[in-house]
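**Student:** In order, the protein sequences belong to chains A and B.
Numbering follows our numbering, with no gaps: position 231 of the first sequence is 231.
Numbering follows our numbering, with no gaps: position 69 of the second sequence is 1069.
Be careful, since some hints might not be right.
Restricting the straight-line Cα-Cα distance to at most 27 Å, the calculated cross-link-like pairs of lysine-lysine (DSS-like) are [said to hold, decoys possible]: (1) A:Lys176 / B:Lys1060; (2) A:Lys35 / A:Lys168; (3) B:Lys1002 / A:Lys164; (4) B:Lys1017 / A:Lys168; (5) A:Lys168 / B:Lys1057; (6) A:Lys35 / B:Lys1060; (7) B:Lys1052 / A:Lys35; (8) A:Lys213 / A:Lys184; (9) B:Lys1002 / A:Lys35; (10) B:Lys1002 / A:Lys109; (11) A:Lys163 / B:Lys1057; (12) B:Lys1017 / A:Lys164.
Derived, one-sided and incomplete: chain A residues facing chain B with beta-carbon distance under 8 Å [said to hold, decoys possible]: (13) Tyr37; (14) Leu83; (15) Tyr156; (16) Ala285.
None of these hints come from the bench; they were simulated from the model.
By construction, the Cβ of each residue, glycine as well, lies at the ideal position given by its N, Cα and C atoms.
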Amino acid sequence: MESRTEVVIVGAGINGCALAYELAKRGKEVVVVEKNYIAYGATGRCGAGIRQQWATRENALLAKKSVEIFEKLSDELGYDIGLRQGGYLIAIHDEEGMEQAKKNVEMQKSIGLPVRIIYEDEIKEIAPILDPKGMEAIAATFCPTDGHANPFKTTYAYAMAAKKLGAKIYKFTEVKDIKVKDGKVEKVVTNRGEIETKYVVNAAGAWSKEIAKMVGIEMPNKPVRKEALVTEPLKRMFDCMVISFKHGIYFSQQEEGQILGGIPSPEEKVGYYMEPTFSFLKHMAYMLGKYAPPLKHVSILRQWTGFYDVTPDALPILGETSVEGFIQCNGFSGHGFMIAPMTAKLLAQLICGEKLEMPIDRLSMERFKGEITEERAVVG
Amino acid sequence: MKIVCRCEDITEEDIIKTIDEYGCETLAELKQLLRLGMGHCQGRTCLILAAKILARKTGKSLDEIMPSFRPPVIPVEIGLIGGKDGE
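Here chain A stands alone, though its shape is the one from the complex (with noise of 0.2 Å):
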């Protein structure tokens, strides 16, 4: 392992790779370490939607400029991504939800999202799996430009990328310890060496307070198990991912044909644990079978947690701190993936000391000493 560089990533997520490929594109030498193997965290765990209806701006927009980055990444990174664009189907339940659709997609139009609000007719038109009365749906916002990557594709597509630009990614590398001198950056040590670093950038989802700590940094986020299932496989029948934020589910059918999907499972606790519940099955298949009738002679296949990396308002912490050189880019919430092309890309002008493409102070760690705005528009 190199013995010097001028960034440490610490995280192989979709993150840490894709502001590899950012910076090494920009001549940075990066090095990535990696506890485990590429995408084990919440990146190969999640249901890849990229969804760019949000209710904060910061997040409208951070996904709005990804997805025009999604929609060239795989001529630019020289590796199919597996993107789609099927839209995403958000139900709205009541009068209430009503008010709070209306607000959010005002605000989407006006950063020049194409989302409407849409009714039963409607529903059953773009997806006609769909029962509007299982899902308890007086109406639906939807965005059709909104999608999927496959996770895995992605990940790989900007690590290779990020490889041939001469980054290095150390797998099974794991960080003891982050020396700081001065106030500044010094070194990173690992189970296979130690590194003197300009920066170090904490991409290391939920595991990201734990690094934070080395430096003396706390950081607010908890990290919340999440569940997933996948389904066989089946000719295809909707191309939408269609969601709730009354009842936290979300699920869609992938390029293979299968249907993935989650929902907050009653047992969800703050934590570490890995081990899938009956529970989350259970609720998650009567809630499936509500909302899409003819699921429930469907065969499930799969399930497994994964780690949403919580903060108190559900926006990501991205940029520098009070150590000099140790930088932030965490707490994605559980959109991590979605807003990973365009975070990235800010990130490494920040490193980079070039103008960024929109401001991100507004997502620093200070923003947790006045009031705060929290996104609500969150699933899973």
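Given the structure of chain A, go ahead and fit chain B onto it with the hints provided.
**Tutor:** Relative to chain A, chain B alone:
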């Protein structure tokens, strides 16, 4: 051509090529990249075969790369688990 994963139609050549190209050291990485063992049988035949190929290629012992399995043990219908009215 030797088929290893029947559900996802993956050959021994595919596995060797992927190990070489991406530097895979675990079955989990092969699953991510090839969908190995992610089909209807949930890898009950192929993962052991793939583990042997991986052991041969990486020099690791079979014990180090044995597969883990995710529930349910056999595919089960959504309607059977979810019940009619959440029962």
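**Student:** For every hint, state whether the structure bears it out.
**Tutor:** For each hint, the structure was consulted:
1. A:Lys176 / B:Lys1060: holds (25 Å)
2. A:Lys35 / A:Lys168: holds (14 Å)
3. B:Lys1002 / A:Lys164: Cα-Cα ~31 Å, so violated.
4. B:Lys1017 / A:Lys168: holds (21 Å)
5. A:Lys168 / B:Lys1057: holds (22 Å)
6. A:Lys35 / B:Lys1060: holds (18 Å)
7. B:Lys1052 / A:Lys35: holds (24 Å)
8. A:Lys213 / A:Lys184: Answer holds: Lys213 of chain A to Lys184 of chain A is near 15 Å, not above 27 Å.
9. B:Lys1002 / A:Lys35: violated (34 Å)
10. B:Lys1002 / A:Lys109: violated (53 Å)
11. A:Lys163 / B:Lys1057: Holds: Lys163 of chain A and Lys1057 of chain B sit about 22 Å apart, inside 27 Å.
12. B:Lys1017 / A:Lys164: holds (18 Å)
13. Tyr37: holds (5 Å)
14. Leu83: violated (17 Å)
15. Tyr156: holds (7 Å)
16. Ala285: holds (3 Å)
Consistency with the previously given hints fails for numbers 3, 9, 10 and 14, ordered from lowest to highest.
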